[in-house]
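Start from the sequences and build out the full structure, keeping to the hints where you can.
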Amino acid sequence: MSVYSSKRSKKITGSSTVILMAAAFAAAMGTGVFSFTLPLISLDEKAGGLWLGTGFAGYFLAKLCIAPLSGFYADRTGVKKPLLLATGLAAMLPFLYLIHPSIKSLYAIQFALGLCAGTVRTVSMTAIAFSMRTAALSSGFARLAAVTNCSFLLGPLLGGLLYAEKDYSPVLWTMSAFMGAAFILFAFYQQSISSTAAPENREPRNHVSRKSYLYIMGALLGRAAGAGSLIAFYPLLIKSAQHLTPAATAMIYSVPSLATVALLPFCGRIFSTCERKFTASSGILLSSLGLYSIGQSTGIAGLIFSGFILGIGAAISIPASMSLCAEPGRSKGRTLGIANMTASLGFMAGPLFCGIAVSISGNISSPFKLIAITGAILTIPLLHQALRKKNRKIAADTFAAVLALLLISIIPLHIQSTGQTSRPDSSRYSDVAMGTIVNLTLTSPIQSSTEKIAQNTITLMRQLQKDFDHRNKLGSIGRINHAAGKKRVRVSDKAFKLIKRGLEISKLSAGNFDITIGAVTTIPFYYALDESRFSRLVNLVDFRLVEIEPYGNKVKLPLKGMALDLGGLAKGTIINYAAEYLQKSGIKTGLVEAGGDFLAFGVRVWSIGLRNPRGEGIIGTIKIKDRAVCSSGDYYQFITPVSPDTKTRKHHIFDPEKLRSSAESIATTAIAPDAETADALATAIFIMGHEKGTEFITRYFPDCAAMWILPDMTIKTTKNFPPINYAETLPIHPK
1 MSVYSSKRSK KITGSSTVIL MAAAFAAAMG TGVFSFTLPL ISLDEKAGGL WLGTGFAGYF
61 LAKLCIAPLS GFYADRTGVK KPLLLATGLA AMLPFLYLIH PSIKSLYAIQ FALGLCAGTV
121 RTVSMTAIAF SMRTAALSSG FARLAAVTNC SFLLGPLLGG LLYAEKDYSP VLWTMSAFMG
181 AAFILFAFYQ QSISSTAAPE NREPRNHVSR KSYLYIMGAL LGRAAGAGSL IAFYPLLIKS
241 AQHLTPAATA MIYSVPSLAT VALLPFCGRI FSTCERKFTA SSGILLSSLG LYSIGQSTGI
301 AGLIFSGFIL GIGAAISIPA SMSLCAEPGR SKGRTLGIAN MTASLGFMAG PLFCGIAVSI
361 SGNISSPFKL IAITGAILTI PLLHQALRKK NRKIAADTFA AVLALLLISI IPLHIQSTGQ
421 TSRPDSSRYS DVAMGTIVNL TLTSPIQSST EKIAQNTITL MRQLQKDFDH RNKLGSIGRI
481 NHAAGKKRVR VSDKAFKLIK RGLEISKLSA GNFDITIGAV TTIPFYYALD ESRFSRLVNL
541 VDFRLVEIEP YGNKVKLPLK GMALDLGGLA KGTIINYAAE YLQKSGIKTG LVEAGGDFLA
601 FGVRVWSIGL RNPRGEGIIG TIKIKDRAVC SSGDYYQFIT PVSPDTKTRK HHIFDPEKLR
661 SSAESIATTA IAPDAETADA LATAIFIMGH EKGTEFITRY FPDCAAMWIL PDMTIKTTKN
721 FPPINYAETL PIHPK
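The opening residue of the sequence shown carries number 1 in the UniProt record's numbering; numbering runs sequentially from there.
Some hints could be false.
Using 27 angstroms as the maximum straight-line C-alpha spacing, the simulated DSS-like pairs for lysine-lysine come out as follows [said to hold, decoys possible]:
| no. | residue 1 | residue 2 |
| --- | --- | --- |
| 1 | LYS497 | LYS507 |
| 2 | LYS473 | LYS497 |
| 3 | LYS500 | LYS560 |
| 4 | LYS716 | LYS500 |
| 5 | LYS473 | LYS560 |
| 6 | LYS466 | LYS497 |
| 7 | LYS104 | LYS452 |
| 8 | LYS500 | LYS487 |
| 9 | LYS473 | LYS500 |
| 10 | LYS554 | LYS588 |
| 11 | LYS507 | LYS494 |
| 12 | LYS497 | LYS486 |
| 13 | LYS623 | LYS716 |
| 14 | LYS588 | LYS473 |
Simulated from the structure, these hints should not be mistaken for lab results.
Structure (structure tokens):
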């Protein structure tokens with residue numbers, strides 16, 4: 001039996017609470033900086049979708065294991081000792097990467113960081129639970145959640161800036177600094193609570209039935225699965241759909257946390273007197289709606305709005321759910337530890353499910369929707385119990401049953417959309433590369449060998465992307481840009497061939513396609529800036545200035561500020577190399593698809609969808625055989641016009657001569673014998689428009705074909721473009 005100590009039973013003082021909150025903020029900042037940037041480096045390294053999902057699952061597995069143990073330990077020894085152990089260890093983790101710099105070391109650090117973060121979260125909550133009466137728990141937990149969620153807002157923003165140069169060392173040492181600061185703050189924390197409260201301050205034990213506790217845990221499990229999926233795969237969803245810089249990706253990624261942080265203090269007070277089960281379940285359902293909407297969104301505005309919905313739901317549900325978990329008895333550490341263990345189980349299951357689903361289906365959005373639906377279903381029992389408590393049993397039973405049936409009926413639709421669509425004689429393999437989903441549909445009699453070939457193909461594509469990406473300062477293009485105005489740079493054979501091809505097409509197009517446009521496009525959100533800012537860059541955009549030395553594979557940009565951006569044809573080049581490797585490996589027939597660009601080889605005829613640039617779905621389909629199909633459009637990165645009457649957008653495809661968004665087209669599709677040519681042509685003819693583009697293709701690329709969708713929604717094609725099988729509900733006008 002515990003002996004009462006008046007010294008240990010004192011309430012946390014105001015200064016101690018401030019120290020606790022500040023330390024929790026610092027620790028969460030360290031976790032946020034690391035967790036956001038890890039998916040980005042995974043895209044740049046050789047880690048695929050399944051590896052990424054498994055890595056995050058390991059992080060949450062660590063949190064799952066440590067949560068009940070740290071809570072029990074805090075009940076026995078007090079909160080200070082486990083907090084110091086956790087943050088001290090976390091501050092030392094970057095030395096592992098210093099000893100062995102590899103992606104494997106980063107995932108090992110992530111696992112250890114899960115142990116530390118799980119301890120800090122559980123024990124900090126325990127400190128709050130012991131220091132406040134039950135009636136005040138919602139307000140206290142709201143403040144703690146606001147502090148930690150504020151860090152999850154700022155952490156990704158800082159992480160995106162630190163990783164802007166594709167160097168992970170600043171991220172690691174910043175994480176270490178935050179954890180070190182948390183350690184120092186926890187050292188000054190005055191522990192003045194006990195695992196057993198003073199007799200005069202004890203509150204009546206809250207008897208929560210086992211059924212109620214299971215319902216609470218189920219709701220937490222569903223919410224955490226959605227949150228875990230969001231943490232692991234939302235940066236990838238944003239980047240693959242919008243093709244943004246790390247910093248811009250971080251801004252959109254942080255929207256849910258921004259909404260949560262802004263509203264938590266208010267929600268903690270406003271809903272503190274409301275029935276907690278109803279408040280928690282309603283908030284979780286709202287978050288599920290936001291997560292589902294994220295999977296449904298196709299533009300930046302939709303992602304931002306959905307993020308706010310998700311954040312509002314979190315702000316409503318977090319204080320109430322935390323308070324429900326702290327109610328059952330005096331062993332606050334143990335009960336909160338079990339709750340955090342349940343949440344960590346969800347955080348582990350969510351990314352693992354998404355990783356498997358992405359690898360199988362090649363689709364990121366549908367797994368998000370399935371996770372959202374599952375979370376909503378798991379919340380229904382808690383909501384049902386809350387409604388029955390209001391003496392509306394029949395209405396509660398009916399509402400819960402209808403809602404459950406509705407959600408369950410939706411699931412098969414999304415399972416069907418994530419399923420394989422390849423024919424019985426083919427196999428489909430999907431993974432992440434080039435910041436997007438890559439799908440390989442291959443025909444081979446031996447599936448086991450085909451799977452290995454597909455894995456090697458994805459690895460090759462990632463390696464080439466690293467070398468060709470101007471954002472990677474260690475790659476060939478990044479090194480050229482870094483040395484602009486200084487010296488020649490020796491590059492890889494493949495990068496040199498790519499640059500020569502880019503210069504050739506730049507010359508043929510009379511500069512309408514210009515690989516030196518990087519002087520503008522390397523500026524974050526360049527397409528959203530005022531055009532007058534680019535007047536000083538006019539002399540830096542000129543492909544004729546590029547100096548090449550064929551015998552040494554050397555390239556030089558003579559003027560400081562010049563930069564290459566091979567984005568107009570690099571993806572097509574990588575697709576070419578992928579198809580070449582597949583054919584050399586014995587695959588006779590197949591389709592390589594990356595981010596909406598296709599290359600078919602072999603004897604099979606393929607049906608390819610043409611994207612609708614102003615809505616959902618496709619405008620129609622075409623059939624191809626042994627050809628490449630690539631598209632460009634103003635729908636990847638853009639600013640929505642203020643006036644609905646405006647037909648054009650400010651978007652990422654810049655006219656090299658005018659240094660502004662091209663307004664001749666809203667979408668183009670090019671068909672060519674190879675993906676490199678098709679990719680470059682799609683960009684060039686987008687800028688030229690229909691008349692000049694048709695003349696250009698007819699003169700220099702007579703074996704290629706093209707289609708334009710003009711700002712007035714009219715479709716134009718070259719004479720040799722394949723027949724289009726138009727969709728029934730076509731919102732545009734073929735001519």
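Against the structure, the hints come out as follows:
1. LYS497 to LYS507: holds, 15 angstroms
2. LYS473 to LYS497: holds, 19 angstroms
3. LYS500 to LYS560: holds, 21 angstroms
4. LYS716 to LYS500: violated, 31 angstroms
5. LYS473 to LYS560: Answer holds: LYS473 to LYS560 is near 16 angstroms, not above 27 angstroms.
6. LYS466 to LYS497: Within the cut-off at roughly 16 angstroms; holds.
7. LYS104 to LYS452: holds, 21 angstroms
8. LYS500 to LYS487: Between LYS500 and LYS487 the Cα gap is close to 18 angstroms, so the pair holds against 27 angstroms.
9. LYS473 to LYS500: holds, 20 angstroms
10. LYS554 to LYS588: violated, 36 angstroms
11. LYS507 to LYS494: The hint holds at about 20 angstroms.
12. LYS497 to LYS486: OK: LYS497 and LYS486 at ~22 angstroms, within 27 angstroms.
13. LYS623 to LYS716: holds, 18 angstroms
14. LYS588 to LYS473: With a Cα-Cα distance of about 37 angstroms, the restraint between LYS588 and LYS473 is violated, given a limit of 27 angstroms.
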